[in-house]
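As they're listed, the protein sequences go chains C and U. The first sequence begins at 1 in my numbering and counts up by one. The second sequence begins at 130 in my numbering and counts up by one.
Keep in mind the hints are simulated off the structure, nothing from the lab. All C-beta atoms in this analysis are idealised placements derived from N, C-alpha and C, irrespective of residue type, glycine included. There's no promise every hint is true.
To be verified - Listed below are the simulated DSSO-like cross-link pairs for lysine-lysine, each with C-alpha atoms no more than 27 Å apart in a straight line:
1. U:Lys352 with U:Lys133
2. C:Lys112 with U:Lys371
3. C:Lys106 with U:Lys306
4. U:Lys371 with C:Lys17
5. C:Lys88 with C:Lys106
6. U:Lys371 with C:Lys110
7. U:Lys163 with U:Lys351
8. U:Lys228 with U:Lys133
9. U:Lys351 with U:Lys199
10. C:Lys27 with U:Lys371
11. U:Lys352 with U:Lys483
12. C:Lys17 with C:Lys54
13. U:Lys351 with U:Lys228
14. U:Lys173 with U:Lys351
15. U:Lys306 with U:Lys479
16. C:Lys6 with C:Lys104
17. C:Lys88 with U:Lys371
18. C:Lys54 with C:Lys88
19. C:Lys54 with U:Lys173
20. U:Lys428 with U:Lys396
21. C:Lys106 with U:Lys428
22. C:Lys27 with C:Lys74
23. U:Lys173 with U:Lys352
24. C:Lys110 with C:Lys6
25. C:Lys116 with U:Lys423
26. C:Lys74 with U:Lys306
27. C:Lys106 with U:Lys423
What the hints assert, rightly or not - Distance ranges between label pairs, derived from CB positions:
28. U:Met364 with C:Glu58: 25 to 33 Å
29. U:Glu284 with C:Cys100: 25 to 33 Å
30. U:Leu315 with C:Lys110: 30 to 38 Å
31. C:Arg44 with U:Lys348: 48 to 56 Å
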Amino acid sequence: MTEARKYLAPVTNPETKPFWEAAAQGKFLIKRCTACGEAHYFPRSICPFCFSDKTVWEESAGEGTIYTFSLMRKSPTGPYAIGYVTLKEGPSLQTNFVDCDIEKLKIGQKVKVVFKPTEGAPLPFFTPV
Amino acid sequence: MTIKGKAYIAGIYEHPTRHAPDKSTAQLHAEVAKGAIEDAGLSKEDIDGYFCAGDAPGGAWPMVDYLGLKVRHVDSTETGGCSYIIHLGHAAEAIAAGKCSIALITLAGKPRTGPMPPRATGAEADFEAAYGATTHNAYGMCAMRHMHDYGTTSEQLAWIKVAASHHAQYNPHAFLKDVVTVEDVLNSPMISDPLHRMDCCVVTDGGGALIVTTPEIAKSLKKPLVRLIGHGEAMKGPRGGKDLDLTYSAGVWSGPRAFEEAGVTPKDIKYASIYDSFTITVLMQLEDLGFCRKGEGGKFVADGNLISGVGKLPFNTDGGGLCSNHPVNRGGMTKIIEAVRQLRGEAHPKVQVKNCDLAIAHGTGGLLGVRHAASTAILERV
């Protein structure tokens, strides 16, 4: 028997608090730098590209494609699919692919964000469209 | 400024154990330190520099005290499995600058006896920790994308394990001594797609140590002379998620830096120690270091090309992490040690490379598919 998978609740901090507050409303935020125009993820207050502090929150469409994945077969909570999604807005991020037959995942497949509850703020995951 | 030729590896020691439930981690550090100091023909009182990473219990000052050292230079740079290759470069810098003259580097731990403490997390923790990235799946993600982009196959990856097993059969201390076939690898259970169990390295207790010193002191000792002539280090991560490409590692930066400093090219290398946490790690590093073009690693490693006496690039002639030893889940130390054995002519006769006068020791640390470090050392027999 495998134990049900419980997700770690985000600790949060002043820099990332708006992200988790939006997540509780079902909104998926990324950061964009108004100086160089680049979007990034996970969110930082200072742009990791041009080092400007003129970064702003932006709601992502939550849509993207699978960049890569791996099916973790050996886990006390059962197999899971970890991977990276490249968002329509540009940045790629690490996630799990959920609510799907993980055996059928393919690189390039279209996915969208779905939030899952934790004991704290909900966490973003992705599922095939 | 360069460290080329300014530091020699005068002592090496790899702990013969692969399972040490009856020893403490600090004790293993002391045993490998003693082994390397004796190999060099020195005494503990001669050590004036100490280098250790995250595996040293409590870090540098408890270890310096436990070992009874009196040092004037310390460095506890922690970059996972490649820490010790980075330490080698830093020791050379310190020696060249006169900050120490005989440096000790140690690694030891017991992951086979019990679980290792969790990795420290960074600012990314809330945005990644819940997704269960582990060594297996982080490297699996790289392999999956490498296969997608370049047509690399599981059969090609399997050849890396096959080559390691051909070498391990001659190592009496190897954790796995059986020669395996491509079919054996492909038939082993899938751990994290597309990596099978035999694509993964072993989990062993143990450790290793190095003595790094000045040219003058090395020449006063009795061991064959092996010196560092080029060194590089680099780091890579998703960096905000822009232009993510998991098919190359930080080795694309550490490698050229080391080759440039050494004034040699991959074609000149007679023996290669390449960190083999997984088969895909080796394949990507060979490409990143320039032994073949990006995407052609699969063809390069196939058909025994990495087997000593058979192929063009003998690698990991001790059996590497895939078969022999992977102390503390960190492969950098044993990579340097086997390269020095080859340059000294002390490798097993069945795997000793003829006229081995130039070798590379290269490793990565952290998770290749997430964020990691890489370090490259070019070593020369004088």
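Consistency of the hints with the structure:
no.: 1; hint: U:Lys352 with U:Lys133; verdict: holds, 20 Å
no.: 2; hint: C:Lys112 with U:Lys371; verdict: holds, 19 Å
no.: 3; hint: C:Lys106 with U:Lys306; verdict: violated, 37 Å
no.: 4; hint: U:Lys371 with C:Lys17; verdict: holds, 23 Å
no.: 5; hint: C:Lys88 with C:Lys106; verdict: holds, 17 Å
no.: 6; hint: U:Lys371 with C:Lys110; verdict: holds, 19 Å
no.: 7; hint: U:Lys163 with U:Lys351; verdict: holds, 17 Å
no.: 8; hint: U:Lys228 with U:Lys133; verdict: holds, 17 Å
no.: 9; hint: U:Lys351 with U:Lys199; verdict: holds, 24 Å
no.: 10; hint: C:Lys27 with U:Lys371; verdict: holds, 22 Å
no.: 11; hint: U:Lys352 with U:Lys483; verdict: holds, 18 Å
no.: 12; hint: C:Lys17 with C:Lys54; verdict: holds, 17 Å
no.: 13; hint: U:Lys351 with U:Lys228; verdict: holds, 24 Å
no.: 14; hint: U:Lys173 with U:Lys351; verdict: holds, 17 Å
no.: 15; hint: U:Lys306 with U:Lys479; verdict: holds, 14 Å
no.: 16; hint: C:Lys6 with C:Lys104; verdict: holds, 24 Å
no.: 17; hint: C:Lys88 with U:Lys371; verdict: holds, 12 Å
no.: 18; hint: C:Lys54 with C:Lys88; verdict: holds, 22 Å
no.: 19; hint: C:Lys54 with U:Lys173; verdict: violated, 55 Å
no.: 20; hint: U:Lys428 with U:Lys396; verdict: holds, 17 Å
no.: 21; hint: C:Lys106 with U:Lys428; verdict: holds, 24 Å
no.: 22; hint: C:Lys27 with C:Lys74; verdict: violated, 32 Å
no.: 23; hint: U:Lys173 with U:Lys352; verdict: holds, 18 Å
no.: 24; hint: C:Lys110 with C:Lys6; verdict: holds, 26 Å
no.: 25; hint: C:Lys116 with U:Lys423; verdict: violated, 39 Å
no.: 26; hint: C:Lys74 with U:Lys306; verdict: holds, 25 Å
no.: 27; hint: C:Lys106 with U:Lys423; verdict: holds, 23 Å
no.: 28; hint: U:Met364 with C:Glu58: 25 to 33 Å; verdict: holds, 28 Å
no.: 29; hint: U:Glu284 with C:Cys100: 25 to 33 Å; verdict: holds, 29 Å
no.: 30; hint: U:Leu315 with C:Lys110: 30 to 38 Å; verdict: holds, 31 Å
no.: 31; hint: C:Arg44 with U:Lys348: 48 to 56 Å; verdict: holds, 51 Å
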